[in-house]
Amino acid sequence: MRSTRHVVAALSLALAWPLFGEVQVISEAERTAVQIAADYLSRGPSAVAEQLAATSPLRELAPGDQLADLEVRLGPHRRAEWQLQTAGAEAKDRMAIFSVAYPAGFEDHITFDLVREGNVYKVQDVRFLALATGNKPAVETAPVGPVVPQRKPFPIVPAAAGLVVLLLLIAIAVQAQREKPLRALGIATAVVVIAATAFIFKDAILRRPSANTAAIVPEKPKGPTTLAPLLELRRALCEGTGNVTTAYRLVDRAAGRGAIADLWKIQSDLLQIDTATAKATLAHFRAPTDRPLAELLRARLALLENNDVGAVIAFESALKLSSGGDALQLESAQILEGLGFEDRARGYYDKVIALGSRDADIYYTRAAEAAEGSRDDEAEKHLRQAWT
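Okay, so the sequence shown: first residue is 1493 according to our numbering, each after it adds one.
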C-alpha cells in the first residue's frame, strides 16, 4: 500500500512539475563563487588571485606567497570535487560555502567571503575548517598571554607616617645629647626608621612603569601572515603523493600554523583509524576550542569510542563555530538519529529544511518518514522538494 502511494506521488510530480519556492534559489554571490571555483579547478590559484577584492588582506601577500597561501586554503585543485552548500538566507549574499573532497579521501569545507565591487562580487577572504573563527567558546577559560605591568599608586600614607616618625626621632636625638643613656637607643632607632622609609620610597619608584615598560608587550607582527609554509603538508594529505609524517614534522609552526597542521594530522590519523595518536594530539586543544575542525574531529573520535554524549556535545559545538551551511547540520542530524537522539536529529532536519537546503537527501529522508506515518500530503511535499 505504501509503495503504491509512493508511485502515485511520483507520477503526480512527473505530470505536474511546480517549482517549490521553499528550496533556496542560488544567489548572485553564490553563482559568482561557483564560477570562481570552476576556474580554480581549471587553472589553479591564479584564478582566485585575479578575483580578490581591493580590500582583501590576501592582497598584502607577496605574489609567490599569495598563490601558495590560496592553495593551502583551497586545497590542491587537481581531481578535487566541489559541491555548493546552502548558506543561510542572511548569508547567501555575502558568502558561498563548498564541501570539498580530495583524491586521497581528505575532506574540507571552504567558505568564500564575498563583497560587491561595483556590479560584480569579489573574494574578500577564503576560510576552511581548521582556521580559528575568533568566536568565544561556549565555556570560557582564563586567557593566557603576556603579563602587562599595572601602574600602582604611590604609598602616600606609609611615606607620611615614616616622615613623622623621622621628625620625632630627630627631636629625641637632640634631647639624647643631654642624656647619654638615650643617645645609643635614639641613634639605633633612627637608623632603622630611615632604612625603612628609604625602602618604601625605593619600592614605590621601582613599581612605577618606566619608559621601557612597553617593550615587554609583544608587538603585532609587521606585514601579513601567510599560510604558505603549510603547502607541502596540504598537498601530501589531499593528493596522497607525499610523505605526510615528514611534511608535518617540517612545518613552520609560527603564527598559528602549528594548530592547523596538528588538526590536519589528526584528521589523517582518524582516516587511518589511528585513534590513539589522534586522541593524544587532540588533547592539546581545549574543549571547546574556536576551531570548527577541532570540534568536528572530537565528535568523530567520540563516535569511534562509543561516547554518544561526547559526540553530541562536540557536533553541536562544531555547528556553532561553522559558517552555517547545511552539510554539517545534515551530517549531525544523521549521526544523532543513528545514536538514538531522534528529537535532536529531527530538530536539525527541520533547520536544514527551513534553510531551504538544496541537498535532495534530506527531503527524501523526511518523505520516507512521512509515508511511514501515513502523512501522504507531507510525503508528497518533500518528494517534490527533493525532485526540485
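Honestly, I wouldn't trust all of these hints.
[As the list claims (entries may be wrong)] Keeping only pairs whose Cα atoms sit at most 25 angstroms apart, straight-line, the calculated SDA-like set for lysine to any residue is: (1) Lys1812 to Ala1794; (2) Lys1614 to Arg1523; (3) Lys1771 to Asn1798; (4) Lys1771 to Pro1716; (5) Lys1614 to Ala1720; (6) Lys1614 to Ala1596; (7) Lys1614 to Thr1524; (8) Lys1614 to Pro1595; (9) Lys1614 to Gly1597; (10) Lys1771 to Leu1742; (11) Lys1843 to Lys1614; (12) Lys1614 to Ala1624; (13) Lys1614 to Thr1625; (14) Lys1843 to Arg1523; (15) Lys1843 to Gly1865; (16) Lys1812 to Gly1865; (17) Lys1614 to Ile1827.
[What the hints assert, rightly or not] Pairwise CB distance ranges (calculated): (18) Lys1812 to Arg1535: 21 to 29 angstroms; (19) Ala1860 to Gln1527: 15 to 23 angstroms; (20) His1776 to Gly1830: 23 to 31 angstroms; (21) Gly1750 to Pro1716: 38 to 46 angstroms.
No wet-lab data here; the hints were simulated from the structure.
Only a predicted model underlies this, so the values are computations on that prediction, with no experimental measurement involved.
Idealized CB from N, CA, C, for every residue including glycine.
Okay, the hints, checked on the actual structure:
Straight-line distance between C-alpha atoms of Lys1812 and Ala1794 comes to about 18 angstroms, which keeps the hinted pair within the 25 angstroms bound. Under the criterion of a C-alpha separation no larger than 25 angstroms, the hint pairing Lys1614 with Arg1523 is consistent with the structure, at around 12 angstroms. Distance hint between Lys1771 and Asn1798 is fulfilled; the C-alpha atoms sit about 14 angstroms from each other, no more than 25 angstroms. Taking the CA atoms of Lys1771 and Pro1716, the gap is near 33 angstroms; set against the 25 angstroms cutoff, the hint is violated.
Distance hint between Lys1614 and Ala1720 is fulfilled; the C-alpha atoms sit about 22 angstroms from each other, no more than 25 angstroms. A hinted pair counts as satisfied when its Cα atoms are at most 25 angstroms apart, and Lys1614 with Ala1596 does not qualify at roughly 30 angstroms. Annotation: proposed proximity of Lys1614 to Thr1524 holds, straight-line Cα distance about 8 angstroms (limit 25 angstroms). At roughly 28 angstroms between alpha-carbon atoms, Lys1614 and Pro1595 are farther apart than 25 angstroms, so this suggested pair is violated.
With a CA separation close to 30 angstroms, the supplied pair Lys1614 and Gly1597 exceeds the 25 angstroms bound. With a C-alpha separation of about 21 angstroms, the suggested pair Lys1771 and Leu1742 falls inside the 25 angstroms cut-off, and the hint holds. Between Lys1843 and Lys1614 the CA atoms are separated by roughly 29 angstroms; this puts the pair beyond 25 angstroms, and the hint is violated. The hinted pair formed by Lys1614 and Ala1624 meets the criterion: a straight-line CA distance of about 23 angstroms does not exceed 25 angstroms.
Simply put, Lys1614 and Thr1625 have alpha-carbon atoms about 21 angstroms apart, close enough for the 25 angstroms limit, and the pair holds. As the CA atoms of Lys1843 and Arg1523 are separated by approximately 23 angstroms, the hinted pair is consistent with the 25 angstroms bound. The hinted pair formed by Lys1843 and Gly1865 meets the criterion: a straight-line CA distance of about 21 angstroms does not exceed 25 angstroms. Using a Cα cut-off of 25 angstroms, the hinted pair Lys1812 and Gly1865 is violated, with the two alpha carbons roughly 32 angstroms apart.
About 36 angstroms separates the Cα atoms of Lys1614 and Ile1827, which puts this hinted pair outside 25 angstroms; it is violated. Range check, Lys1812 to Arg1535: about 36 angstroms between beta-carbon atoms, so the 21 to 29 angstroms window is missed. Checked against the hint of 15 to 23 angstroms, the C-beta distance between Ala1860 and Gln1527 comes to roughly 35 angstroms, which is inconsistent with it. Range check, His1776 to Gly1830: Cβ separation about 29 angstroms, and the 23 to 31 angstroms hint holds.
For Gly1750 and Pro1716, the hinted distance range of 38 to 46 angstroms is not satisfied, since their beta carbons lie about 18 angstroms from each other.
Consistency note: the structure conflicts with the earlier hints numbered 4, 6, 8, 9, 11, 16, 17, 18, 19, 21.
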